[in-house]
Amino acid sequence: MVLEGAPARGNPGYRAVRSLYIHVPFCFHKCHYCDFYSFVDTQDRQEPFVRRLIRELQALSPWAAGEPLRTVFVGGGTPSLLRQPLWTVLLDALHSHFDLSLIRAGAGEFTVECNPETVTPELLQALRQGGVDRVSLGAQSFQPGHLKTLERWHDPASVARSVELVRAAGFPRWSLDLIYAIPGQTLQEWLLDLETALSLSPSHLSCYNLTFEPNTPMTRRLQRGEFRATPDDVAGEMFQVTGERLRRAGLHRYEVSNYATPGQESRHNLAYWRGEEWLAAGPSASAHVRGHRWKNIPRLGDYLSFDDDGFAPIQDHEIPDARRALAEDLMCGIRLAEGVEAAPALARAAALDPRAPSRLLSEFRAYEAVGDLRFDSGRWMLTDAGFLRADAVAADLIGALEAQPDEDAPVGQDAEER
Amino acid sequence: MSDQQPHIRNFSIIAHIDHGKSTLADRLLQATNAVSAREAKEQILDSMDIERERGITIKASAVTVYHHHTPGENADELESEAAAASGDTEAAGSGGEDVRTHGSELYMLNFIDTPGHVDFNYEVSRALKACEGAILVVDATQGVEAQTVVNAYLAISQDLEIIPVLNKIDLPSARPDEVAEEIEQVLGIDPYSCIRVSAKTGIGIPELLAAICEKLPAPRQPVVPQTRALIFDATYDDYRGVIVYIRVFDGRLRLGDKIRMMGLQRTYSITELGKYTPKPVKVKELGPGETGYLVAAIRNLADVRVGDTITLETDPAAEQLEGYQPPRQMVFCDFYPATSEKKGNDFEQLREAIEKLSLNDASFTFQPVHSEALGFGFRCGFLGLLHMDIIQERLEREGGVEIVQTAPTVSYKVDVRTKGGEVEETEVHNPADLPDPSHIVDVKEPICRVEIMLPKHFIGDVMKLCLDRRGQYKAQMFVSEAREMITFEIPLAEIIYDFYDKLKGMTSGYATMDYEVTGYRTDRLVKVDILINAEPVPALSFIAHRDRAEQRGRQLLVRLREEIPRHQFEIPLQAAIGGKIIARETIKGFRKDVTAKCYGGDVSRKRKLLEKQREGKKRMKSVGSVEIPQEAFMAVLDTGE
Chain L
38 MVLEGAPARG NPGYRAVRSL YIHVPFCFHK CHYCDFYSFV DTQDRQEPFV
88 RRLIRELQAL SPWAAGEPLR TVFVGGGTPS LLRQPLWTVL LDALHSHFDL
138 SLIRAGAGEF TVECNPETVT PELLQALRQG GVDRVSLGAQ SFQPGHLKTL
188 ERWHDPASVA RSVELVRAAG FPRWSLDLIY AIPGQTLQEW LLDLETALSL
238 SPSHLSCYNL TFEPNTPMTR RLQRGEFRAT PDDVAGEMFQ VTGERLRRAG
288 LHRYEVSNYA TPGQESRHNL AYWRGEEWLA AGPSASAHVR GHRWKNIPRL
338 GDYLSFDDDG FAPIQDHEIP DARRALAEDL MCGIRLAEGV EAAPALARAA
388 ALDPRAPSRL LSEFRAYEAV GDLRFDSGRW MLTDAGFLRA DAVAADLIGA
438 LEAQPDEDAP VGQDAEER
Chain E
844 MSDQQPHIRN FSIIAHIDHG KSTLADRLLQ ATNAVSAREA KEQILDSMDI
894 ERERGITIKA SAVTVYHHHT PGENADELES EAAAASGDTE AAGSGGEDVR
944 THGSELYMLN FIDTPGHVDF NYEVSRALKA CEGAILVVDA TQGVEAQTVV
994 NAYLAISQDL EIIPVLNKID LPSARPDEVA EEIEQVLGID PYSCIRVSAK
1044 TGIGIPELLA AICEKLPAPR QPVVPQTRAL IFDATYDDYR GVIVYIRVFD
1094 GRLRLGDKIR MMGLQRTYSI TELGKYTPKP VKVKELGPGE TGYLVAAIRN
1144 LADVRVGDTI TLETDPAAEQ LEGYQPPRQM VFCDFYPATS EKKGNDFEQL
1194 REAIEKLSLN DASFTFQPVH SEALGFGFRC GFLGLLHMDI IQERLEREGG
1244 VEIVQTAPTV SYKVDVRTKG GEVEETEVHN PADLPDPSHI VDVKEPICRV
1294 EIMLPKHFIG DVMKLCLDRR GQYKAQMFVS EAREMITFEI PLAEIIYDFY
1344 DKLKGMTSGY ATMDYEVTGY RTDRLVKVDI LINAEPVPAL SFIAHRDRAE
1394 QRGRQLLVRL REEIPRHQFE IPLQAAIGGK IIARETIKGF RKDVTAKCYG
1444 GDVSRKRKLL EKQREGKKRM KSVGSVEIPQ EAFMAVLDTG E
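Protein chains in written order, with my numbering: chain L, 38 to 455; chain E, 844 to 1484.
Isolated chain E (complex conformation) (with noise of 0.2 angstroms):
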């Protein structure tokens, strides 16, 4: 690597939830000049209308601009100037003439924006895997958060250097030493070599800049001659397709060059290489260490897979960069279009935004379902639960269809005796698919890893909400004089209810939390049956803790008893695991509905009376010989308890 060549220093920048991580980003870029003030909109590196107005990071992407930075010198007399600037990025990318001005280095940053949530744990760690480095932004009046906590880990497990950043530093409320503090006490980071920074004001924003130039390491050195590169992300344009973020670790691509995804064994030519400056700029090459986006008239997102290496066809590489593994679902829910009446349009709306909106986000699943209540839908698998929302969300906004959900459902893993005698092992996301008690020789379920960050007072209601939830107690953390951190194991199964709201509630909403799914554990789980009217109703099984069964069936037997109008006879609701019933209500039979009379005169309008009654009915769905309104498949659904 000749030293004409710009040092290249590949980063992301992670954080909790609104601790500043876009207005950093946004900060960064104004400073190198990449974007004039004039042009610098908010939050620059968020396209998309839900990620700014919730404040979240849904796709990552990659921004390159151009600093010089001289190596030992005060930071603060230095002055930022972008290469970019000059309009000739090629020359940079080639290393056309030397790029030394004035005893100060050209540096290439190459910046990788991260979703904040760790739903999306897996993009954020295949970004994370093409960064050498990482700044973790803590808010100063906040301090560290549970999710400072989970994606720290996750960097320090990737071995990155990680810069630690105070932010909001104007604010009065700011307690940057203390916050300073906390970092260490939780992750064991140096307090002094935290950067104090406002990236509001701009207030620290050279030293950071000097920082990420010195601190961070180089890319390492190529370790094969064949060209590796790493696919971190991809999205979709309406019109070239799907653009691929790459991540060069060895060798080179050209533009032209015929390439092959070494996972997925589909080849390609390259129409279109460059980097976003923010802008897109071509390039005719990336090199090794650089990061930039390509074009090969791929026309489906699902035949790119992040994680996935891409290599030249002509000179294939002959291992791949890191074990690629698919996205894994984890949450499970139904999505209905929401009007019964014409659900036949509505249905067809409904196919149509998912496909649309499956070509902008390959992580969810999807596939048609019939329920007794709802009609048709489809079962949808997603990362996680706010994964689940936004994608709910952009249904409804980006498709324009009225989405009914059903509660959340987790991925089991059940081994299963097959006739032969052997154990298979298969994966239910659905309870009414899971096999026959007597056939199941185990059922796993996720396990999550949940880190809970809280004022000291609320420990004990937290903890036994934990325990309630079959939580293992893992550890507990001093963070400040008034914070504490708890770590238990909860399944994943617990979590998605309504642990969130029922800690938020408990703690007037000082507590935060995250989960990380971690693997999967035995536990006595079981299926439990509804049966109304001694007929078992598949949509509404669920599967609870044989302990907790018979305290869920009864639940959500009394509210069915409540939803369930009276019929003309008796109706049994059971519940039941296997054979056995736990649970039982019943919903007593209307005596009567007859008219007295009915002569001559009666008729028509008695007639029209019931018709006018069968209307009503109409909106009900039948189980056997009893009429159950979507409300009561819709409350049963909905409650978490």
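Okay, chain L solo, but in the shape it has when bound (with noise of 0.2 angstroms):
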């Protein structure tokens, strides 16, 4: 991936990018509810790949323009499932690419996704040693049963055993993720997964209600009718007490699916949220670099076979408009418990369309009136209760920067002259 105006080592007007994110594909299981890029790797390619993502890190290094990364985030897949000499190399390989001092100095974030049940002692220690600092685990469910619809195979006991592991490494942060609202889940069954979660103290949880996505074995489970959706109003009962109880807790959501004691919220996903900039390799990772948006081509095959200059061929190039680089920021930034600035959103209207701002305002206030936004220091955010129709919001705010047909209604003014 080539842009113009590259940047240059020293170049002065370049803005570096401080973010990066790399996908490791690999899972030994295939979780029923997932769509993200993963598969189960029966070639063992662990290797290939990670010489391969080695060049694209290469690659892409110059984006950084020397500056240190504030935040590295490893997803997938399954990233725990790299051997561990594997993950040595990478890393290895990362600091030589990367300016990784703030991490390492524990102002930054650098986070590893790991499966419960495959953490040990031994990964966990290279991923220290190599300035990883935070780690999530994916638990989403406490109980056998549930953990079985999800088709999710680990021993819900396996997720005290690592947290355990995590500590003893010496990680000073970790998260987990949770799932509700699967099918057959109750309350109060929900209520219990999160007072066993918050039983061993976490500083960061992840809570998400179980989505459908399309073309997943769960979705094609439901239509199948092998089980029922749980119903909006208990998901969105569900919804609320987390947020009760995990404010209790000292926890407090900070975006609609993640909550963290102060301080605590995971730095990568709110430059995402923020509108930040971010470095993306492996198959199937999204970048966000100067405006533009793009996707890593998702096959390994086709990652491992390409290699232009070091970098991925990449599908789903966007260079947003000023209109939608706009949506997606408050698309985002709503859904933040900070909310978005009310000033530098107006502005910006203003800017695409002298009428916009009046629309903002007018889509701001009617929400606010119904209860679901509050404004708050300049800046509009969702309340408790707004939170769960945060797509509702987002969606008029868009729509709010779309010139409106209605407004010029030259016939209308004729008419009611006549």
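Hints listed in this document are in silico derivations from the structure and should not be mistaken for laboratory results. Not one of these hints is a red herring.
Computed cross-link-like contacts, PhoX-like style, restricted to lysine-lysine with a CA-CA straight-line distance of at most 25 angstroms:
1. E:K1440 - L:K67
2. E:K1347 - E:K1307
3. L:K67 - E:K1449
4. E:K1440 - E:K1451
5. L:K185 - E:K1440
Each of the two chains sits in its own frame; use the hints to bring them together as a complex.
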């Protein structure tokens, strides 16, 4: 991927990209709800993958322009499935192509997603030594029955065990992923999962409403009638009690599905939601750089066989115009508890269309009137109830950026004069 | 009047729909040789497509034919002969030579076609004003129907001589004796005076012509020296402008005369004077008792009022012929362009079509309106329900516009106390315009006299229907062994919804009804406001009887609850009278509308998804923060219950 105006080291006008996402596609089992690019690697292509990934990281490195990275996130797939020696090679390469000093100093964030079943003290040691300072564990549920519904095969007890290992390995931060509104799950069962998670004293939790993504086995099973989706109002209640329970435990909802004690928010994810830039490596990884969005080709075979000066072939390349860029920022920003800053948003809207700010304001006010938004310290933000309607709010904010056909209405004026 | 002048007979044909009025008119024209059989196009007098398709005569026309009749002789032996056939009609008009031949006398028959439906009551009664007699046509297979009765009453009330005609006697199912008895029962007309004809085969036509000449009275003698002519119809012609149909009562009208319309106080010069035979034939003058048309460079149909009196500018009459009153619009509804997408163009197209049509029909009114739901359109007033349907159809057919029509409402008379304390009467035909209840002294609604002709065994059901619609029983009349006629007074507002459909449904189509607005009556009428999320929506307000307000309010809210999609929040729906809530429903809020995950790679996809979602919302109108789909407004406006 070569962009116009590629950065040159030392070019003072260039704004460095400070975040990096790396996708590791391997899984030992494909979970039924997952729509990320991942697969069970039967050919053992871990080594060629890491070699190829390193070439890509090298190609991407000029974009950091010598500035230290703030955040790195390795997701998947199951990154913890990558064998420990390969991890060491990868981490070494990362250090040689990027400046990880900020992260090393504890002022950044380097997260690796791990499966509770596959973390070993050796792996954790290697990660920690390589600068990783945060581990995200996919717990999903603590009840075997619900894990089975998700086609997720791990022993619930392994979560607590792996948390212990993570702590013992000296990771200052870790997080758990949980899923609720699993078919058949009751509100009480979900609350029990939350209690179990809280008993591990996490500083960060991600609690996702199970989503039936298109083309996943889970969705096909739903369509076949193997189970019924949790009713919306039950799922909504689960969402509400999650917020209330976690708040009492000191974890605040800082994004629709993410909770943390103050200061423990995922900095990498915040970069996404705040519309910042990031580089991406690995099959299917998405990047956002200098107003461009793109995605690496998803298939591992293609990723391994094409090598454009180290860059991966890309797809879905898009240069959002000013309206879309603002739309995306509003859409992502409003999902955060901190919300969106009103003044810059209105200024950007005004640049699109002189009437857009008033339309935007009236949308804000309409949602304020029904109690879904509130205005505080110059920012519009969702209320507790409003979080449940984040999409509707986002859709209307986006809509407000478009010219309304009714506004011109020359016919109407004419008719009224008659 | 010299006896060289032909005898004049002015008459109309009145009938229930499909009883053969137009066929009979054709047959009379043929019998008088006004048109040859070859020329005879069915239903000559009706020129508009819709009329022919619906079998309804909408616009009245007047046709003059000539007929030789020997008084006292058996009509069978008479040979009809038209002086018009000689080609020189002007001679007949100005009275040149002796028109008697072989002892027979020449009759000028002016027959004035009327719209059959009492929606066009005003036009019917004006047309009847121009006549001395009426031919009442009754289908011998069907019998007396509601429209027969209402039209006959109109003619009787105007003191017209009535010739009852039993038509379709050639059909095997004809039962002329029974039907003649029905005519006697219901209308008090001598059954032996009924002339039995078949307009289709021509049976009885000579007898009918003889009766027209002998039984119908001659026009009255002039009563003032000045010229007075009644305008009984007007049509618009692209080339000549307005064509005014007139009946001269006193004095004469001559080509070139400067005339004055006494009601509207406008003056014109006659540029063309003539008669339809049925082809237009120009004449130089029209004398007392004659009917014909005039053209006077009148550009707009609105400049002519049916019922107005024409006199001469140089020697004007002191008084008009009859109390002139403009046609009353009784039923109102809105027309909107059907497609909301490119509504700008469509609105223009609709306006053009309406303006063009108004040149042809001055009896409907229109003014631009704007609706929350439907954008820009027109609020139109009509003489009745059928008139409304016809206008809509003509707009769609002739104007090429697709129309969304809202539910009809009636015109209320409201006494309002003004700030000064006096009571003023205003007319309200849009529920939203009804003033605040505290200012209202009285609300009066149009009341109809409804005649329903029906098979006996349905009487119970139909009576119940009428009473349910706030009807007041007036009379029940024996028609025949099998049929009865019942008369009710029912508020027009109760009829305009689905009364007719209900009646037809419960009687398997056998009942016929007709109605005539007879006056206004005070009732406990209230405006019901609909509040969505505590905001009143004027487009949904309606006027109802106080006793039914709750029920109708609730029904409407239930419909709205079905039509308005769930929102992110709970939406209260309320029906209220003044400030008082009389019914309530709730649209439960969506509990959630949020995607669980939105990470780096999801942004574009999700934005597109939301944009798509937004597209769907565009087709709705927002009232406060509630999005109401157009269908909700339509469903509500459509519902009669």
